[in-house]
Amino acid sequence: MAKTKSSSAKAGSLKVGRDAKTGKFVNLKDGRKIVVPPAGGALSKVQIREAVRKVRASRLEAAG
Amino acid sequence: MSVPYARSVFINCPFTDDFTPIFRAYVFAIVYCGYRPRSAREFIDGGEIRLQKIENLIEQSKFGIHDVSNMELDADSGLPRFNMPLELGVFLGAKRFGDGSQKEKRLIILDSDQYRYQQAISDISGQDIECHNGDPADAIRCVRHWLRAVSRRTTIPGPARINAAYAEYEADLPQICDELQYDLDDLTFNDLWETMVEWQKARADER
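So the protein lines, in turn, are chains A and B. Here the first sequence is numbered in our numbering, starting from 1 and rising by one per residue. Here the second sequence is numbered in our numbering, starting from 65 and rising by one per residue.
Accuracy of the hints is not assured; some may be wrong.
[Said to hold, decoys possible] Incomplete in silico selection of chain B near chain A, CB under 10 Å: (1) Arg114; (2) Asp192; (3) Glu243; (4) Val261; (5) Arg267.
[Stated by the list, open to error] Non-contacting residues of chain B with respect to chain A, defined by C-beta distances greater than 12 Å in every case (computed): (6) Asn134; (7) Thr219; (8) Ala224; (9) Tyr230; (10) Pro238; (11) Cys241.
[Stated by the list, open to error] In silico DSSO-like pairs for lysine-lysine, Cα to Cα no more than 27 Å straight-line: (12) Lys159(B) with Lys45(A); (13) Lys265(B) with Lys54(A); (14) Lys45(A) with Lys117(B); (15) Lys117(B) with Lys159(B); (16) Lys117(B) with Lys167(B).
Calculated from the structure, these hints are not laboratory results. For glycine and all other residues, C-beta sits at the position ideal for the given N, C-alpha and C.
All chains, please: the whole structure from these sequences, using the hints.
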């Protein structure tokens, strides 16, 4: 079982924490890696949109 | 958030690392053609039984992409993986025995070799099986042609255009991940398709 340093996050009915070594979220019961949204909730569509448009703008600028 | 049945495309394929390029190609092609990809990987709810989750996704999806190319024996167990044929069977069952819109289901079956399925799953020999040769470009081409045929939409771009856009997206993805603080080698299904949707919108606005 993976060593954990926090058990405050939950995903569904699983009790999860972060693996102390990798920092990834794991199921505390069996150590399997799982994915939960980052603290504060998942990124909004607006945040994704802004990031993508920033990358596209820099690429277009680089291309002249 | 509910997703319209008529726009949902269920993806039944392996989730192994070596299959990731084909999986990503499927997701990109679906988004580019104006549809919504659906996958068992879109949910984090550990409380829901896996098969139940898949059944719900199949019920909610008019279209299904079934990739049966993972016929090799598992390296660890020495046994074949039966998940893909099982999910294909559930989809065919829903189409055959479901009522109303379930009977309108459309599917494509893909393999990496043209005629291998005839030995492995001979019962589907009557179905049209497409071959992607393990190449993401071919996978995009197969999905595009299939969606064009079953939807009868005339606005779906050609495969060369979709493949060119996909190469461009893949080139932008590392920088997009940096901006969003995502891990390029550990993207979730939702990370993937949501960045694809926004990327395609941004690209369309540039033109």
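We went through each hint and held it up to the structure:
1. Arg114: Violated: closest Cβ of chain A sits about 12 Å from arginine 114(B), beyond 10 Å.
2. Asp192: violated (36 Å)
3. Glu243: With a closest approach of 4 Å, the glutamate 243(B) hint holds.
4. Val261: The hint holds - valine 261(B) has a Cβ within 10 Å of chain A, the shortest such distance being about 8 Å.
5. Arg267: holds (7 Å)
6. Asn134: Its Cβ never comes within 12 Å of chain A, the nearest being 21 Å, so this holds.
7. Thr219: holds (23 Å)
8. Ala224: holds (21 Å)
9. Tyr230: holds (15 Å)
10. Pro238: violated (9 Å)
11. Cys241: Violated, because the least Cβ-Cβ distance between cysteine 241(B) and chain A comes to about 9 Å, which does not exceed 12 Å.
12. Lys159(B) with Lys45(A): Roughly 34 Å between the alpha carbons, so the hint for lysine 159(B) and lysine 45(A) is violated.
13. Lys265(B) with Lys54(A): Holds, at roughly 13 Å.
14. Lys45(A) with Lys117(B): Holds: lysine 45(A) and lysine 117(B) sit about 24 Å apart, inside 27 Å.
15. Lys117(B) with Lys159(B): holds (18 Å)
16. Lys117(B) with Lys167(B): Between lysine 117(B) and lysine 167(B) the Cα gap is close to 20 Å, so the pair holds against 27 Å.
Checked against the numbered hints given earlier, this structure breaks hints 1, 2, 10, 11 and 12; the rest are met.
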